[in-house]
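Colleague: Here are the chains, one letter per residue:
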Amino acid sequence: MKIEIKDLRFTFPTGLEALKGISLTIEAGEQVAIVGQNGAGKTTLVRHFNGLLQPASGSVMIGDWDVKKYSVAKLATRVGYVFQNPDEQLFSRDVLTEVTFGPKNLGYAKEKIDELVQRALSLTELNDKTETNPYDLSPTWRKMVALASIIAMDTPIVIFDEPTTGQDALNVARIANAISELRMEGKTVITITHDIDFCAENFDRVIALSNGQVLLDGPAREILGQDEVLAQTYVDPPQLTRLGKRLGLKETVRNQEEFLKAIT
Amino acid sequence: MHERLSFHIKRDSVIHRLNPLTKLVLILALILIAFTFPWYWAPHFLLLLAIIPLGILGRVFPEFFKTATRLILPAASFLFLMQAFFQPIGEDVIFKFYFLDITQESLMFAFRNAMRVFVMVSAFTLFLLTTHPSELMSDLTRRGLPPQFAYVIISTLQILPQMQAKAQTIIAAQRSRGLDTESTFLKRAGSVLPLVGPLVFGSLVEVEERAIAIEARGFTSKNVKTSLYEIPDPSFDKFIRWSLLGLVILSIAANLWPS
Amino acid sequence: MAFVNLQNVTYQYPLTKTPALQNINLQVDEGEFVAVVGPNGAGKSTLCYALAGFVPHFFKGEISGTIEVAGKESSKSTLDEWVLNVGLAFQNPFNQISGAKYTVFEEIAFGLENIGVPREEMKSRVEDAMALTGIRDLADRSPYSLSGGQQQRVALTSILVMRPRLLVLDEPTSQMDPIGTREVFGTIRKMAEDGMTVVLVEHKMEWIAQFADRVVALKDGSILLEGKPGEVLTSDLLAENGFGSSRYTSTAREAKKRGLWRKENLPVTLDEAVEGFALTLPFSSPKGAPRGRGESGK
Chain A
1 MKIEIKDLRF
11 TFPTGLEALK
21 GISLTIEAGE
31 QVAIVGQNGA
41 GKTTLVRHFN
51 GLLQPASGSV
61 MIGDWDVKKY
71 SVAKLATRVG
81 YVFQNPDEQL
91 FSRDVLTEVT
101 FGPKNLGYAK
111 EKIDELVQRA
121 LSLTELNDKT
131 ETNPYDLSPT
141 WRKMVALASI
151 IAMDTPIVIF
161 DEPTTGQDAL
171 NVARIANAIS
181 ELRMEGKTVI
191 TITHDIDFCA
201 ENFDRVIALS
211 NGQVLLDGPA
221 REILGQDEVL
231 AQTYVDPPQL
241 TRLGKRLGLK
251 ETVRNQEEFL
261 KAIT
Chain B
1001 MHERLSFHIK
1011 RDSVIHRLNP
1021 LTKLVLILAL
1031 ILIAFTFPWY
1041 WAPHFLLLLA
1051 IIPLGILGRV
1061 FPEFFKTATR
1071 LILPAASFLF
1081 LMQAFFQPIG
1091 EDVIFKFYFL
1101 DITQESLMFA
1111 FRNAMRVFVM
1121 VSAFTLFLLT
1131 THPSELMSDL
1141 TRRGLPPQFA
1151 YVIISTLQIL
1161 PQMQAKAQTI
1171 IAAQRSRGLD
1181 TESTFLKRAG
1191 SVLPLVGPLV
1201 FGSLVEVEER
1211 AIAIEARGFT
1221 SKNVKTSLYE
1231 IPDPSFDKFI
1241 RWSLLGLVIL
1251 SIAANLWPS
Chain C
2001 MAFVNLQNVT
2011 YQYPLTKTPA
2021 LQNINLQVDE
2031 GEFVAVVGPN
2041 GAGKSTLCYA
2051 LAGFVPHFFK
2061 GEISGTIEVA
2071 GKESSKSTLD
2081 EWVLNVGLAF
2091 QNPFNQISGA
2101 KYTVFEEIAF
2111 GLENIGVPRE
2121 EMKSRVEDAM
2131 ALTGIRDLAD
2141 RSPYSLSGGQ
2151 QQRVALTSIL
2161 VMRPRLLVLD
2171 EPTSQMDPIG
2181 TREVFGTIRK
2191 MAEDGMTVVL
2201 VEHKMEWIAQ
2211 FADRVVALKD
2221 GSILLEGKPG
2231 EVLTSDLLAE
2241 NGFGSSRYTS
2251 TAREAKKRGL
2261 WRKENLPVTL
2271 DEAVEGFALT
2281 LPFSSPKGAP
2291 RGRGESGK
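Protein chains in written order, with the numbering used here: chain A, 1 to 264; chain B, 1001 to 1259; chain C, 2001 to 2298.
For the record, the hints were derived by calculation from the structure and aren't laboratory data.
Note that the structure is a prediction, hence the values are computed from the model and not measured.
We put the CB at the ideal spot given by N, CA and C, even for glycine.
Treat the hints with caution; some may be incorrect.
[As the list claims (entries may be wrong)] Distance ranges between label pairs, derived from CB positions:
id, chain 1, residue 1, chain 2, residue 2, range
1, B, 1156, C, 2078, 19 to 29 Å
2, C, 2078, A, 136, 45 to 55 Å
3, A, 58, B, 1085, 49 to 59 Å
4, A, 248, C, 2131, 33 to 43 Å
5, C, 2279, A, 64, 56 to 66 Å
6, A, 132, B, 1078, 26 to 36 Å
7, B, 1234, C, 2123, 18 to 28 Å
8, C, 2131, A, 58, 37 to 47 Å
9, A, 170, C, 2016, 14 to 24 Å
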């Protein structure tokens, strides 16, 4: 499902102009990372995709729907959004109920709900924790429950807000794996992240925001090499990209495979 | 996010410069006099001759007027109606409304009580508009109020807008999961748990972490505490406070005087 | 004797079945910068709480062994005395806002008011601390109106201003953007050079390698390995135990298998990686470190 944003502007009630005219198109099935310094407008932008925020001017289209004309609950059938802090989301007495909540709200048939929930639980490696109270789990696993509860909604578009913050290497790998599964199912994945290495390894397209505007937008390979422009929004290129540059490699490398291939 | 967490408006005025305790005594005195002085029109005169001039002197009259007309007036009117209808006093029935008799006495009684409440809330509003909570607490702590007590008061004042902001985030998170909070009442009743659950649990974690955070910053230190702000308390302030106390005593005495 | 001295510390939270810390022995010298790494649930935060006195004084539970900082023993001290020597900042910045203050300036002064610092000294210390962490322009904002990354800077500043002799930090930069993180690490490094002892929990390996003097790797409540960053962070033991590593290390490890890394030791930092891979690429001409700001380490 395509996302089309035209000259989107947004100002907070405090008078802070958070988005200053953003135009973007995200095609169905794209894997997009949004990067940029604290306060660049990343979260404000994605909250327009499911109607949590309404544009001051400009438009946001999710497929053929104008977000202004649909409720958040309705838009939830098209856009799933994992909040940064799982504690703002979880409330059920066990993981299974929690993960079932979303698809149930969307009104799927019972068999379909069961199937979606099972798939989400196995994607997030929660199969052995279905009866645990989410609050007895560590913050790391709570994050996975939050992920599962959105993945189970089976929306064509999934948004992750800082999925790797405070996560250890194992869990970052689990999250990367879940994202790559979603990619194979043809879903659009949009992720806000400060973890530029994670971004380089899992996303095809990178959008860098700075002060409420698009600073850079394009294929990850092109964007991540532009260290001087990225520095404007307080982002460093990924470690291996920097390494490749220092070694004088001709092409920009993003991940281990590309790097090793380039030096062979 | 909410940038303003208190009513206080930072301006320079005679009232702003008064010692916080003097202001506290001032509004308490106004309230006590409004409730005790045995003259029917006392609250009205206090409002016209004390509170409104003080608001103008404190350079907060526009804000004060806004609060008074939008918040206090409707509340006082409601109180007036309730008391006028349900106060079974007096003989002199002015009109009947089904089984309710409205007498002149009940009308007068209700009117005075409504005015008293109006004076009380207006005085508090004036106080909040011209006094920074931190200054008040620093001053009271310096005078011997336990700092823990001051902390509880200030953090409670701050917690409401915070809880509100947090509740909004939680509502946003659950609506993003397809929870319909915009439709019928029945549906909304069913959506209470997903909204209250994270709020309550989150608060438990928060309380523990906040306790650790303030303890790490010496909150229970036995050292004598100091204050960032120097709060002047000139003899003029002391004079005002004693005078106000005198007026309150006079008012109470007049109230108790056998007539 | 070491400035921080943990002897056989074993600790179990109330109502839990397994100890969160098991037989920890750790010595840290004054002015040393020690980083603690480990998977989630390894006991890193508990170790921080133990150093800062909250384990066991605040959390209760069962503890054995001794914890000493600056010659004082935790069990013979009270928490309010302990925090004068040891400062703690942790991950969630929102919950570290005191709730008693209306501006960032007041918020940072809060701790100094509590311990009775005179007003004039208080003001200059707050100014200095804000300059150090680069948040002067936030002084008049409400702490609640800030972003997570800004709040983390405020939380860190609120502790730095107390001038603790031991600074304990539990993922203090998790919500900061990359360049903000680097600035904060630079600040902490400088504090250590000025004599403050630092214990820092962190997942960002590249920064640890550049800024810390020593690394302690925790797993399941025990110390798995400790030593110089270059040795610990490149060890196979860590890789086998699910610890994260910098991309330089993991890529060089893979390259070594394919015969593309010719040095004995694996790299942790960019400079080490450039140096090593330059051997594989005889035709390349490694460029010097282009930018400053801690990029080339201490």
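Colleague: Does each hint fit the structure? Answer for all of them.
Modeller: A quick look at each hint next to the structure:
1. For the pair residue 1156 of chain B and residue 2078 of chain C, the beta carbons lie near 27 Å from each other, so the given range of 19 to 29 Å is met.
2. Between residue 2078 of chain C and residue 136 of chain A the beta carbon distance is about 32 Å. The supplied range of 45 to 55 Å is therefore violated.
3. Between residue 58 of chain A and residue 1085 of chain B the C-beta distance comes to about 54 Å, which sits within the given range of 49 to 59 Å.
4. Range check, residue 248 of chain A to residue 2131 of chain C: about 39 Å between beta-carbon atoms, so the 33 to 43 Å window is met.
5. With their beta carbons about 57 Å apart, residue 2279 of chain C and residue 64 of chain A fall inside the hinted range of 56 to 66 Å.
6. Between residue 132 of chain A and residue 1078 of chain B the C-beta distance comes to about 50 Å, which lies outside the given range of 26 to 36 Å.
7. Between residue 1234 of chain B and residue 2123 of chain C the beta carbons are some 23 Å apart, a value that agrees with the proposed interval 18 to 28 Å.
8. Checked against the hint of 37 to 47 Å, the C-beta distance between residue 2131 of chain C and residue 58 of chain A comes to roughly 40 Å, which is consistent with it.
9. For residue 170 of chain A paired with residue 2016 of chain C, a C-beta distance near 22 Å keeps the hint of 14 to 24 Å intact.
Of the hints listed earlier, those the structure fails to meet are numbers 2 and 6, in rising order.
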